[in-house]
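Place chain B on chain A using the hints.
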Amino acid sequence: DAGVIQSPRHEVTEMGQEVTLRCKPISGHDYLFWYRQTMMRGLELLIYFNNNVPIDDSGMPEDRFSAKMPNASFSTLKIQPSEPRDSAVYFCASSLGRRQPQHFGDGTRLSIL
Amino acid sequence: EDQVTQSPEALRLQEGESSSLNCSYTVSGLRGLFWYRQDPGKGPEFLFTLYSAGEEKEKERLKATLTKKESFLHITAPKPEDSATYLCAVQGLETSGSRLTFGEGTQLTVNP
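So the protein lines, in turn, are chains A and B. For the first sequence, the working numbering begins at 44 and goes up steadily by one. For the second sequence, the working numbering begins at 7 and goes up steadily by one.
Calculated directly from the structure, the hints in this document are not laboratory data. Owing to the predicted nature of the structure, the values given are computational and were not obtained by experimental measurement. The beta carbon of each residue, even a glycine, is placed where N, CA and C say it ideally should be. Accuracy of the hints is not assured; some may be wrong.
As the list claims (entries may be wrong) - Distance windows between CB atoms, simulated:
{"hint": "1", "chain 1": "B", "residue 1": "Gly47", "chain 2": "A", "residue 2": "Arg107", "range": "38 to 46 Å"}
{"hint": "2", "chain 1": "A", "residue 1": "Met83", "chain 2": "B", "residue 2": "Ser30", "range": "16 to 24 Å"}
{"hint": "3", "chain 1": "B", "residue 1": "Pro118", "chain 2": "A", "residue 2": "Gly140", "range": "38 to 46 Å"}
In isolation and in its complexed conformation, chain A is listed as follows (with noise of 0.2 Å):
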C-alpha cells in the first residue's frame, strides 16, 4: 500500500523566496497534518484539515505560511516570503477518522539560506 507522499524530499532555497511543499495523502484517509520538526522544539502541529477543510490552524507560526488541500488526494503547504528561521524538517501526515493512528510521510527537509 502506497504511504504518504511528501515532495520534494529536500528544498534549498534562498531567503525571501516562496516554498511550495506537496503532499498526497493515503488514499481514504479523511485527516490530513501538518507538521514541523527541529531540534530546539521538537515536533509541532502546524494545521490539520478534515475532509479537506482547515480545522485547527493554531499553530501556524506566521501569515507568511498558508495551507491548501484543493481535494481529497492532495495538499500544499506554502511560505512566502522565506526566511532562514524556516529551516526544519516538515511532515504530512493522514488518518482515517478523529481518534485513529496518524501515518507520516518521509517530509521534506527544508533549508532557507
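For chain B alone, coordinates are given in the frame of chain A:
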C-alpha cells in the same frame, strides 16, 4: 495545555539488554496515547495506541503499558535494528479535535 515528557533523552544498550522508556503526560482527559518510532531521515512510524489505564499492547520485542500518569515502552532483548528515536504523543479530550502533542523522544542505541 497537554504536556508530554519523555525520559531518558538517550539510552545506550547492549544487544539483549532489556530496558524501559518512560512517557509522562498531563492531559485534561486522555483520548489516546500513541507510540511512534523514527529512524534518521524518515517520518515517525506508528507502533501502538493505548486508550485507557491498564491497557497493554505488544509487538515483537516491544510492549507498551499505560497508567493514569505515564506510559512505558518495554524493550525485551533488543537488537541493533531496534535503534531509533521513540516518540510518545497524547491526544486530549479537550484539545482541538485530532491534535497530538508529542514528547521530545528517547534516542535508543543498541550495540551488537
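A quick look at each hint next to the structure:
Range check, Gly47 of chain B to Arg107 of chain A: about 26 Å between beta-carbon atoms, so the 38 to 46 Å window is missed. About 21 Å separates the C-beta atoms of Met83 of chain A and Ser30 of chain B, a value consistent with the hinted range of 16 to 24 Å. Our hint of 38 to 46 Å for Pro118 of chain B and Gly140 of chain A holds, since their Cβ atoms are close to 41 Å apart.
In terms of the numbered hints stated before, the structure departs from hint 1 and from no other.
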